[in-house]
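Asks: Listed in order, the protein sequences are those of chains A and B. Per my numbering, the very first residue in the first sequence carries number 17; after that it's consecutive. Per my numbering, the very first residue in the second sequence carries number 1290; after that it's consecutive.
Calculated directly from the structure, the hints in this document are not laboratory data. Just so you know, not all the hints are guaranteed correct.
Unchecked claim - Now the in silico label distances, taken between C-beta atoms and shown as ranges:
(1) B:Gly1422 / A:Gln306: 39 to 49 Å
(2) A:Gly275 / B:Arg1332: 22 to 32 Å
(3) B:Arg1420 / A:Ala96: 50 to 60 Å
(4) B:Arg1473 / A:Ser215: 53 to 63 Å
(5) B:Gly1508 / A:His116: 20 to 30 Å
(6) A:Leu296 / B:Arg1327: 43 to 53 Å
(7) B:Leu1352 / A:Gly216: 50 to 60 Å
(8) A:Ala108 / B:Val1545: 25 to 35 Å
(9) A:Ala92 / B:Ala1375: 50 to 60 Å
Beta carbons are placed, not taken as given, at the ideal position from N, Cα and C, and that holds for glycine.
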Amino acid sequence: MSSTRGGRWTAWAFLAPVTVYLLACYAYPLYRNVELSLRRYTVRSFVSGGAPFAGLDNYRDVVTHPTFGPALAHTAVFTAVSLLCQFTLGLALAVFFHRHFPLSRTLRALFLVPWLLPLIVSASTWSWLLNSEAGVVNAALGALGLDPVNWLTSPRWSLVSVIVANIWIGIPFNLVVLHSGLQAIPTDVYEAAALDGASGSQRFWRITFPLLRPVSAITLLLGLIYTLKVFDIIWIMTRGGPTDSSTTFATWSYRLGFGSLLPEFGPGAAVGNLLIVVALIGGLSYVRAQRRQRW
Amino acid sequence: MVTRGPARAAWWRTGLGVVFTALMLFPVYWMVNVSFTREGDLRADPPHLFPVDGTVDGYRVVLREQLPYLGTSLLVGLGTVALTVALAAPAGYALAKLRPVGGGALSFVLLIAQMVPGIIMAMGFYAIYLRLGVLNSAAGLVLADSTIAVPFGVLIFTAFMSGIPDEVLQAALVDGAGRWRTFRSVVLPLSRGSIITVSLFAFLWAWSDFLFASTLDAGGASRPITLGIYRYIGNNNQEWNAIMATAVVASVPATVLLIVAQRYVAAGVTAGAVKD
């Protein structure tokens, strides 16, 4: 039925709406964004049009800007540390929840809560937890006899704080995906290993970890794409500050375009486009690795 | 002893699991706790661990000031669900069952689309909406919010509808139903589960969206709840009980959906990640 010529063309009747939608709501905004980055826009020309073509000037300005180095470093650290911690903690919890025990299902479901909350809710909750004077984290440090930390207002700690909040949000996703990956591993493999006298850690490193590789790879890829995009948490907790100490490409781009009274759309779009290149390289290298593995 | 051993080990695990969960959910508990705390006690040292002698003042403020925002969020959420399902369900059916020329390329485009960071979309949409004069409208926000959910929706529908046996559709065709009738009266009813999953995520993402709201809908009369919270924080508001009360109210949809539709949530999280 699907091979008939008629069928193949009716298919496009069903696909027409989504195709038009992709052109209008993805391709066109992306095109406008590239165009923004190649012209020298002012607020007036942004509204009325007619901004002069500037070639790659915006990109040159952005790359030589003093914020570029820190933003690049913070994006890399934020992404790498978040991914590593989310994945490790998520995997540990997935292994823990893999053995059924009373309430395991309910507790696992509760773990999803942080992931489902609106990011602005999580971010403002963490802001108050980490508040210098009234936050419960500093109160706990005080109870242990430690000095309070200016989590959000000192350049030394702001990046750490937003990373901690982001890890907290990312753990549930890693837990759920890795848990379902674990369930796909046939139990007789473990039974055979147990008969051969394999210890718990041997079973994990020799069986679980290798067999979980495909699921781990996709979890990390989705994590990478998601983490590169993270904007809400950082912007709400620190606005990228103090003095760029938690600025990433995403918050920098937003600040240039929308964060001040004098928007710089050209450079903002240029930063955004650099970000998309990184995300695409990550995504496509995964797709390629995946294909090579299959054939 | 032999039978009690494993049972005891299991309870030991439950204890540990409860501790892990409590640690994980502590920030959520703290949000609720602060939302009931009296303003004078907000900066108590040490902080009050339980809202003894609590107040619902924070919630009174929410009811007084945030209801319109909540209404907008509900409207935008439902609009996004409708648009997403209307676009993604037929596409999923075509990709799963009609195997069109160029279907693979389209799937690839949808995969790439999910990698585009929101800030880039926001800037592009802003430039377009400004020119068209549709900034600060709920409809514009629905269209932008749907971009988060449509590629995901097509993916879920394709995965699910591939599982519908060809014989069922063949039978409908033999009975004289056209492709559209087959889609409407056979495929859609069979796909109820995936419709729920897609709707649920489309709603939650639209409800939670802050980026598109703050760029495309920051000025008008119809602003969503995320901006209501942001306005509180941005004004250097010190009434953290009211801020946290708003946060609690804004979390209600996520919590309710997790309770009543847990298995659809789990299906959405793992779909796409764990296939074959």
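Asks: Take a look at whether the Cβ-Cβ distance between Arg1420 (chain B) and Ala96 (chain A) falls inside 50 to 60 Å.
Replies: Violated: the Cβ-Cβ distance is about 39 Å, outside 50 to 60 Å.
Asks: Cβ-Cβ distance between Ala92 (chain A) and Ala1375 (chain B): within 50 to 60 Å?
Replies: violated (40 Å)
Asks: Using the C-beta atoms of Ala108 (chain A) and Val1545 (chain B), is the stated range 25 to 35 Å upheld?
Replies: For Val1545 (chain B) against Ala108 (chain A), whose Cβ atoms are near 30 Å apart, the range 25 to 35 Å holds.
Asks: Taking the Cβ atom of Gly1508 (chain B) and the Cβ atom of His116 (chain A), is their distance within the range 20 to 30 Å?
Replies: violated (53 Å)
Asks: Could you tell me whether the CB distance from Leu1352 (chain B) to Gly216 (chain A) stays inside 50 to 60 Å?
Replies: holds (54 Å)
Asks: Lying within 53 to 63 Å: is that true of the beta-carbon distance Arg1473 (chain B) to Ser215 (chain A)?
Replies: 57 Å Cβ-Cβ, so the 53 to 63 Å window holds.
Asks: Per the hint of 22 to 32 Å, is the separation of the Cβ atoms of Gly275 (chain A) and Arg1332 (chain B) within bounds?
Replies: holds (29 Å)
Asks: Is the gap between the beta carbons of Leu296 (chain A) and Arg1327 (chain B) within 43 to 53 Å?
Replies: holds (51 Å)
Asks: With 39 to 49 Å as the target window, see if Gly1422 (chain B) and Gln306 (chain A) comply at their CB atoms.
Replies: holds (44 Å)
When the structure is compared with the earlier hints, violations turn up for hints 3, 5, 9 and for no others.
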